[in-house]
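> Single-letter residue listing:
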Amino acid sequence: MIILELYLSFLKIGAFSIGGGYVMLPLIQQEIIENRAWLTLPEFLNILAIAEMTPGPVAINSATFIGYQAGGFWGAAFATAGVVTPSLVLMVAAASFLSHFYENRWVQAALDGLRPAVLALIASAAIFVAESAVVDILSAIFSLTVIALLLLTRIHPVLTLLLAAAAGVIFYL
Amino acid sequence: MKQHPNLQLFLTFFLIGATTFGGGYAMLPIIHREIVERHRWLAEDEFINVLAVAHSSPGAVAVNSAVFIGCKLRGFPGAMAALLGSILPSFLVILAIAVFLNRFAEHPAAMAAFAGIRPAIAALIIAAMLKLGKPTLKKPVKLVYLLGFLLLSAVFNVHPIVIILLGAGSGLLLAYLGNNGEKKGEQT
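Order-wise, the sequence lines are chains A and B. Once you know that position 109 of the first sequence is 109 in the working numbering, the rest is easy, because the numbers rise by one and skip nothing. Basically the working numbering = 1-based index in the second sequence + 173.
Fair warning: there could be bad hints in the mix.
Just a few of them, taken from the derived set where beta-carbon distance is under 10 Å, the chain B residues facing chain A [said to hold, decoys possible]:
no.	residue
1	Ala225
2	Leu297
3	Lys304
Cβ-Cβ distance ranges computed for the label pairs, FRET-style [stated by the list, open to error]:
no.	chain 1	residue 1	chain 2	residue 2	range
4	A	Phe171	B	Val317	37 to 45 Å
5	A	Leu8	B	Ala282	34 to 42 Å
6	A	Ser132	B	His212	43 to 51 Å
Below, a list of computed lysine-lysine pairs in the DSS-like style, where the Cα atoms sit at most 30 Å apart [stated by the list, open to error]:
no.	chain 1	residue 1	chain 2	residue 2
7	B	Lys304	B	Lys315
8	A	Lys12	B	Lys315
9	A	Lys12	B	Lys307
10	A	Lys12	B	Lys304
Source of the hints: derived by calculation from the structure; they are not laboratory data. A virtual CB, placed ideally from N, CA and C, is assigned to each residue, including glycine.
Excised from the complex, chain A in its bound form (with noise of 0.2 Å):
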C-alpha cells in the first residue's frame, strides 16, 4: 500500500523535524530518495524550488509535491497528513495540559543540546543540495550572489528565486 507507506514515511518525517523546514531535508534524501526511489535528486530540487517559491511551509510543500509524484491526489492527502500529525497530536497535547512542559529545565537543556545538531542538518542540508546545483562556474556565481543578496540586503527570498529563474533562461537557454 503506497498510500499508507506515504502516510508513515511523512509522519516520521514531520516527528523530527525540529526547528524548521530545511532540517526535514536530510530526512527526505534518506527516506524517499535514497531508501524509497519514489523520487530522483533532481526531480527533487525542482520540488524544492517550487516549495519555496509557492505560500505555505516548505515541510507541507514538499510532502504533498512528493506524496502526488508518488501516488497520485490520495498520495499527495495521505503524505500531507503524515507530515502534520505529530504538530496535531503535540499541539493538542500542548495547549490542553503540557503548557509548563518547555519551561521544564530539562526540556530546556535537551532543546539547547538539538541547536548546534539541527545547524549541522542544515549545513549537511546545504552540501547535498549544492553538489547536485552547483555545477559549473556559471552556477557557483548564482549561488554566492543569492547568498550575498540574502545576506546583505532586505531583499524578500521569493524575489532572489525569480531572478536565478531568468537568469537561468537568459544563461542556459
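Use these hints to put chain B onto chain A, whose structure you have.
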C-alpha cells in the same frame, strides 16, 4: 457578518497560509497581525509563549502555532479548523502545480529556469543556516558540536534521526554535569 468561531479560525489561518511565502520567519509578522492585532485572540506575551512552544516542537512553525491557538480557543474542533486552514492553501496550490509541472518540466525554457533556481536554493539554505546559527556559532563548544554532527551527517551519512537524538542527549548530558557541579559548589 457573523461567522461561526471555528469557521473564523479556519478562514484566518487559510489567509495566513495563502499569503506567506517561504514559511518560517516570513509568516510571523502576518500571524501576529491577524491573531494579536486584528482578532485579539491572544495577548502579546501569550503569543510569544505560543511561538516558543511552536518553534521548539517538531513540524512547521506555522502549522504548530495554528493547532496550538485553535486548541486554546476552541478545543479540538478549533485545532482541526485551524490546522485545515493552514495547510489547505499549500495543498491546493501544490496539487495544481504538480499536475501542470508534469506536462511542462521537459520544456527547454522550464529546464533552463530550474537550472538557474537550483543554485539559488542552495544559497537560500546556506543563508538560513548562517542567520539561524549566529548565536550558536559564537560559542566555541557549540561550534565543535556542530562540526562533529556535520561530519557524522555529511561524511559518514549517519541518519538524521540519530543526529537529532545525539543533539538532545548531549544537551541533557551537559545539563546533568553542570547540575552536579553546582551541587558540589553549594556544599562548599
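> Now tell me, hint by hint, if it's right for this structure.
Hint check:
1. Ala225: Cβ of Ala225/B sits 6 Å from chain A, so the hint holds.
2. Leu297: With Cβ-Cβ at 6 Å, under 10 Å, it holds.
3. Lys304: With a closest approach of 8 Å, the Lys304/B hint holds.
4. Phe171/A x Val317/B: 37 to 45 Å: Holds, since Phe171/A and Val317/B (Cβ atoms, about 41 Å apart) stay within the stated range.
5. Leu8/A x Ala282/B: 34 to 42 Å: holds (38 Å)
6. Ser132/A x His212/B: 43 to 51 Å: holds (44 Å)
7. Lys304/B x Lys315/B: Satisfied, since the Cα-Cα distance of roughly 15 Å is no more than 30 Å.
8. Lys12/A x Lys315/B: Roughly 27 Å between the alpha carbons, so the hint for Lys12/A and Lys315/B holds.
9. Lys12/A x Lys307/B: Roughly 29 Å between the alpha carbons, so the hint for Lys12/A and Lys307/B holds.
10. Lys12/A x Lys304/B: holds (27 Å)
In the structure shown, no violation is registered for any of the earlier numbered hints.
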